[in-house]
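There are 2 protein chains.
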Amino acid sequence: MFGCLVAGRLVQAAPQQVAEDKFVFDLPDYENINHVVVFMLGTIPFPEGMGGSVYFCYPDQSGMAVWQLLGFVTNEKPSAIFKISGLKSGKGSQHPFGAMNLPQTPTVAQIGISVELLESLAQQTPVASAAVSSVDSFTEFTQKMLDNFYNFASSFAVTQAQMTPNPSEAFIPANVVLKW
Amino acid sequence: MFGCLVAGRLVQAAPQQVAEDKFVFDLPDYENINHVVVFMLGTIPFPEGMGGSVYFCYPDQSGMAVWQLLGFVTNEKPSAIFKISGLKSGKGSQHPFGAMNLPQTPTVAQIGISVELLESLAQQTPVASAAVSSVDSFTEFTQKMLDNFYNFASSFAVTQAQMTPNPSEAFIPANVVLKW
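Chains A and B are the protein sequences, given in the same order. Numbered by the UniProt record's numbering, the letters in the first sequence go through residues 1 to 180 in order. Numbered by the UniProt record's numbering, the letters in the second sequence go through residues 1 to 180 in order.
Bound conformation, chain A alone:
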């Protein structure tokens, strides 16, 4: 039903089915993975009114599984690209794989897919930094980075009255940063 592809590697089309409605792909050497593609094979659609939540699972320093919600696949949007590099600093989120105790190996992460009601998926919020596939999310990312920059730069802002006399130091008017 599902395929999983790590950019640069061979496609996987045979997940481990860990429950009737739960599927898991192993991601060996996950610290060297940037992007993961999760997609429906096109053979079997989701049952009416259902879709899949896609989780990234990796072992924390003590070997415990940390789960993060990456996003969703549905019959209407049967594939998605996720960026998983950089997710390791985040905290785990609620997830439906809790009781399974997947064995954790230090270098192996997992992609987990849970088949759920679309209404249930609509109430879940994926980690923002995992979104790749839409221009919108990329634009949002860039905007956030620039906002951070403006906040950072503004914290150094001075007015002329506060300046220590030093005619050679260059200054940039703050509104130039803001307009950019």
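Mixed in with the good hints, there may be bad ones.
Residues from chain B that keep clear of chain A, each with C-beta distances beyond 10 Å, as calculated [said to hold, decoys possible]: (1) 3; (2) 15; (3) 16; (4) 19; (5) 20; (6) 44; (7) 60; (8) 77; (9) 79; (10) 96; (11) 98; (12) 120.
List of simulated lysine-lysine pairs, BS3-like, C-alpha gap at most 30 Å [stated by the list, open to error]: (13) B:22 <-> A:88; (14) A:91 <-> A:22; (15) A:88 <-> A:77; (16) B:22 <-> B:88; (17) B:88 <-> A:77; (18) A:77 <-> B:77.
To give an idea of the chain B side of the interface with chain A (calculated C-beta under 8 Å), a few residues [what the hints assert, rightly or not]: (19) 7; (20) 9; (21) 10; (22) 40; (23) 41; (24) 74; (25) 78; (26) 80; (27) 127.
Calculated directly from the structure, the hints in this document are not laboratory data. All residues carry an ideal CB built from backbone N, CA and C; glycine is no exception.
Guided by the hints, dock chain B onto chain A, whose structure is given.
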């Protein structure tokens, strides 16, 4: 041998074979596509010493096919993610699909894969903006954006000696921007 996946859509695993060593996937409604994944199915490897160059082909305003080299897939790196949104402003590059005269439809683009000697692939340069799958290229992109910003902001830089007296306007020391 090859699969192609537009982020958000169903996977395609049956390209049109337009020559012994050339394969083409159609991309309907390509103006709404951001990312395309090209991958080997894992069934048949490339012959020893060979790999595939991956091209994006779209119709220009007069309906002529414009080809751009996105990158490569090989037995060692059997999949890649490419960003094709934003490529339309670029110019076409040399390509090996010339004589084929694929019929062009206004809203349909193509992904073309040409099986060639690895030595030949090594001499070809993909369009830089198509690379997605490595952190390096993302870091480079971000760095380039910040360099552009510094150049932009610096063009407004003034020293205290040049300032028009206006004690309320806020200024940011240029070295803060540079250090960030």
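Structure-based check of each hint:
1. Not every Cβ of chain A is farther than 10 Å from the Cβ of residue 3 of chain B; the closest lies at roughly 7 Å, contradicting the non-interface assignment.
2. At roughly 15 Å from the closest C-beta of chain A, the C-beta of residue 15 of chain B stays outside 10 Å, upholding its exclusion from the interface.
3. Distance check for residue 16 of chain B against chain A: the nearest CB is about 18 Å away, which clears 10 Å, and the non-interface claim stands.
4. Under the 10 Å C-beta cut-off, the non-interface status given to residue 19 of chain B relative to chain A holds; the minimum distance is some 25 Å.
5. Chain A leaves residue 20 of chain B outside its interface by the beta-carbon criterion, the shortest separation being 24 Å against a cut-off of 10 Å.
6. Interface exclusion of residue 44 of chain B from chain A stands, the closest Cβ pair being 12 Å apart, more than 10 Å.
7. No Cβ of chain A approaches the Cβ of residue 60 of chain B within 10 Å, the least distance being about 22 Å, so the stated non-interface status holds.
8. With a least CB separation of 5 Å from chain A, residue 77 of chain B falls inside the 10 Å interface cut-off, contrary to its annotation.
9. With 10 Å as the threshold on Cβ separation, the claim that residue 79 of chain B sits away from chain A is violated: the shortest Cβ distance comes to roughly 6 Å.
10. The beta carbon of residue 96 of chain B is kept farther than 10 Å from every beta carbon of chain A, the shortest such distance being approximately 24 Å.
11. For residue 98 of chain B, the requirement that its beta carbon stay farther than 10 Å from each beta carbon of chain A is met, with the minimum near 29 Å.
12. Under the 10 Å C-beta cut-off, the non-interface status given to residue 120 of chain B relative to chain A holds; the minimum distance is some 21 Å.
13. For the given pair, residue 22 of chain B sits about 40 Å from residue 88 of chain A by alpha-carbon distance, which is inconsistent with the 30 Å threshold.
14. The hinted pair formed by residue 91 of chain A and residue 22 of chain A meets the criterion: a straight-line CA distance of about 22 Å does not exceed 30 Å.
15. This hinted pair checks out: residue 88 of chain A and residue 77 of chain A have alpha carbons roughly 26 Å apart, not beyond 30 Å.
16. Between residue 22 of chain B and residue 88 of chain B the alpha-carbon distance is near 23 Å, which keeps this suggested pair within the 30 Å criterion.
17. This hinted pair checks out: residue 88 of chain B and residue 77 of chain A have alpha carbons roughly 25 Å apart, not beyond 30 Å.
18. Straight-line distance between C-alpha atoms of residue 77 of chain A and residue 77 of chain B comes to about 27 Å, which keeps the hinted pair within the 30 Å bound.
19. Below 8 Å, beta-carbon pairs count as interface contacts, and residue 7 of chain B has one with chain A at about 4 Å; its hint therefore holds.
20. Given hint, residue 9 of chain B at the interface with chain A, holds; its Cβ is 6 Å from that chain's nearest Cβ, closer than 8 Å.
21. A cut of 8 Å between beta carbons decides the hint on residue 10 of chain B: the least distance to chain A is about 5 Å, and the hint holds.
22. The interface hint given for residue 40 of chain B is met, as the beta carbon of that residue sits about 7 Å from the closest beta carbon of chain A, less than 8 Å.
23. At about 7 Å, the closest approach between the beta carbon of residue 41 of chain B and any beta carbon in chain A falls short of 8 Å, and the interface hint on this residue holds.
24. Using the Cβ-Cβ criterion of 8 Å, the hint placing residue 74 of chain B at the interface with chain A is not satisfied: the shortest such distance is roughly 10 Å.
25. Nearest Cβ of chain A to the Cβ of residue 78 of chain B: about 5 Å, under the 8 Å cut. The hint holds.
26. About 6 Å separates the beta-carbon of residue 80 of chain B from the nearest beta-carbon of chain A, less than 8 Å, and the hint is met.
27. Because the closest C-beta pair between residue 127 of chain B and chain A is about 17 Å apart, greater than 8 Å, the hint is violated.
Checked against the numbered hints above, the structure breaks hints 1, 8, 9, 13, 24 and 27 and satisfies the rest.
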